[in-house]
Amino acid sequence: MNPDEGELRPQLQDRFGLAVNLSNQYSIEERIEIVELREAFDRWPDEFIEQYEDAQQALIEQVQDAQQTLDIVECPVELRRVIAERCHAANVDGMRGDIVWYRAALAHAAWQG
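In terms of my numbering, the sequence shown opens at residue 1 and continues consecutively.
Fair warning: there could be bad hints in the mix.
[Stated by the list, open to error] Label pairs and their in silico Cβ distance ranges:
no.	residue 1	residue 2	range
1	Phe48	Gln25	24 to 30 Å
2	Leu59	Ile34	18 to 24 Å
3	Ala90	Pro45	40 to 46 Å
4	Ile72	Val35	40 to 46 Å
5	Asp93	Gln56	34 to 40 Å
For the record, the hints were derived by calculation from the structure and aren't laboratory data. Keep in mind the model is a prediction, meaning the values are calculated, not measured. C-beta atoms are modelled at their ideal positions from N, C-alpha and C, and glycine is treated no differently.
Let the hints inform the model, and build the full structure from the sequences given.
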């Protein structure tokens, strides 16, 4: 979603389990690096992709490991209570927020190993 286009209607926002607020405030160095990386990709896409192949493969393996670990991850009652308390304190409508937060916590634990 592009924040410059305005907010989503509440009934649409409710369909997103998680949201991330990003800032488009980049330092001068970051802006230069982004432009240089984009230029490198545009000029030499195959070489650019190859440069990140090992890192991409490592991420793929980490995701696969997390997927296998997810089946054995358990959520302690204390964490379920914290999730429920925070959703309640934020006046979250319905239970979707609690469920998504719970699932995200399990996924995070699996990712961490």
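Evaluation of the provided hints:
With their beta carbons about 26 Å apart, Phe48 and Gln25 fall inside the hinted range of 24 to 30 Å. Remark: the range hint 18 to 24 Å for Leu59 to Ile34 is upheld by a beta-carbon distance near 20 Å. Checking the proposed 40 to 46 Å range against Ala90 and Pro45 shows it holds: the Cβ atoms sit about 44 Å from each other. For the hinted restraint 40 to 46 Å between Ile72 and Val35, the CB-CB distance of approximately 44 Å keeps it satisfied.
A hinted range of 34 to 40 Å for the beta carbons of Asp93 and Gln56 is consistent with their spacing of about 39 Å.
Of the hints listed earlier, there is not a single one the structure fails to meet.
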